[in-house]
Amino acid sequence: MAYSEKVIDHYNEPRNVGSLDKSDMNVGTGLVGAPECGDVMKLQIQVDPLTKEIVDAKFKTFGCGSAIASSSLATEWVKGKSIDEAMTIQNVEIVEELSLPPVKIHCSVLAEDAIKAAISDYKSRNKD
Amino acid sequence: MALEQSACQKCESVLVSRLFCFSCNALQTFPNEVDFFEVLGFPISFEIKSAELEERYQQLSLELHPDFYGSAPEAEKRLSESATAILNTAFNTLREPTSRADYLLHLLCKKQKLDERSLPDGFLGEMFFLQESLDELLESGNEAELSGMREDLNGRQKNIEADYSPLFKKFEDNPEDPEILQQLQTHLNAERYLRRLLDRIPAID
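Residue numbers (my numbering), protein chains in the order written: chain A, 1 to 128; chain B, 1 to 205.
Just chain A, same shape as in the assembly (with noise of 0.2 Å):
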């Protein structure tokens, strides 16, 4: 099976690999996993507590190339969104993005988690 050129692009060159501080109050971490193929998928939001934006998001996934591209992707799209904004992004939206086939949709599912994940860690952290 060959991956689309936008999974083949995000797998080379993914955006915004790394961490963000843990501890920090205004970061949420999401770590979330696909037992069926052992894939393990860790990703951050910093947020601004004024305004309630994603300023910064990192990740770091261990998986295939789809599930690299999903959380790459992922992160560049929260970027910028309110919290409110990031939490209705949909996994099929990630599969129409890289054209994912039908065996690699469990990859999208599993960075809409993560951005959940995150966002419910920020927001738990973060109760007023």
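None of these hints come from the bench; they were simulated from the model. Misleading hints may appear alongside valid ones.
[As the list claims (entries may be wrong)] For each label pair, taking beta carbons as the anchor points, the in silico distance ranges come out as:
id, chain 1, residue 1, chain 2, residue 2, range
1, A, 92, B, 75, 43 to 51 Å
2, A, 101, B, 129, 28 to 36 Å
3, A, 22, B, 81, 53 to 61 Å
4, A, 88, B, 32, 39 to 47 Å
5, A, 12, B, 167, 42 to 50 Å
6, A, 37, B, 156, 12 to 20 Å
[Said to hold, decoys possible] Going by beta-carbon spacing under 7 Å, a handful of chain A positions derived as facing chain B:
id, residue
7, 31
8, 33
9, 35
10, 38
11, 40
12, 42
13, 62
Backbone N, C-alpha and C fix where the C-beta goes; we use that ideal spot for every residue, glycine too.
Given the coordinates of chain A, work out where chain B should sit on it, guided by the hints.
Chain B alone, transformed into the frame defined by chain A:
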């Protein structure tokens, strides 16, 4: 668990394998959903002696081999091909403990809906940490530490494998307990993560 014995479609002898009659040497037509234990003629159980499995496989593959059906009628020729294909898949699935456990779990849990993504508490975080450590070790090429990590992971994999048999036995005694199959699923999920890590460590000659 009781094995439902089928009879030969030609001579009505009790069949060992659902694919072939050892009494009259007749190929048997078999349903698509035939299970791998029936294919190899073992009761549906995790307990299989690998020497016996290997021996049965050798016997059957010899009997079913398409080379021996070269001049047989077309239907028989095709049957020997499809029987050989399912025999190989069945053998490859049942010979290795983890894939056997996985297959058996799915046979047993038809009534029960399992959480297919369950993992032990804290396991995912640990796997992420180990993957990152492995990145560093691979970069530095420290062979002593790499083989240390391999040994550690192999040990954990063995520990998981050692649990399959007692868990399946426990399930036979308590078939109504929903926790046991879920526990097996969690074990299988964890094993897959360990395997992924092990796959990344190059073999040292």
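For each hint, the structure was consulted:
Taken as a hint, the range 43 to 51 Å holds for the pair residue 92 of chain A and residue 75 of chain B, whose Cβ atoms sit roughly 46 Å apart. A hinted range of 28 to 36 Å for the beta carbons of residue 101 of chain A and residue 129 of chain B is consistent with their spacing of about 31 Å. Hint check: residue 22 of chain A to residue 81 of chain B, Cβ distance near 57 Å, so the stated range 53 to 61 Å holds. In this structure, residue 88 of chain A and residue 32 of chain B meet the distance hint of 39 to 47 Å, their C-beta atoms being roughly 43 Å apart.
At about 43 Å, the CB distance of residue 12 of chain A to residue 167 of chain B agrees with the hint of 42 to 50 Å. The hint said 12 to 20 Å for the Cβ distance between residue 37 of chain A and residue 156 of chain B, and at roughly 19 Å that hint holds. At a threshold of 7 Å, the smallest CB-CB gap from residue 31 of chain A to chain B is about 6 Å, leaving the interface hint in force. The closest approach between the C-beta of residue 33 of chain A and any C-beta of chain B is roughly 5 Å, which is under the 7 Å cut-off, so the hint is satisfied.
Satisfaction of the interface hint for residue 35 of chain A is found here, the shortest Cβ-Cβ separation to chain B being roughly 4 Å, below the 7 Å cut-off. A least Cβ separation of about 3 Å between residue 38 of chain A and chain B falls short of the 7 Å threshold, and the interface hint therefore holds. For the restraint placing residue 40 of chain A at the interface with chain B, the shortest Cβ-Cβ distance is roughly 5 Å, inside the 7 Å limit, so the hint holds. Among the interface hints, the one on residue 42 of chain A holds; its C-beta lies about 6 Å from the nearest C-beta in chain B, closer than the 7 Å criterion.
For residue 62 of chain A, the suggested interface contact is upheld, since its CB lies about 4 Å from the closest CB of chain B, less than 7 Å.
In this structure, every one of the numbered hints holds.
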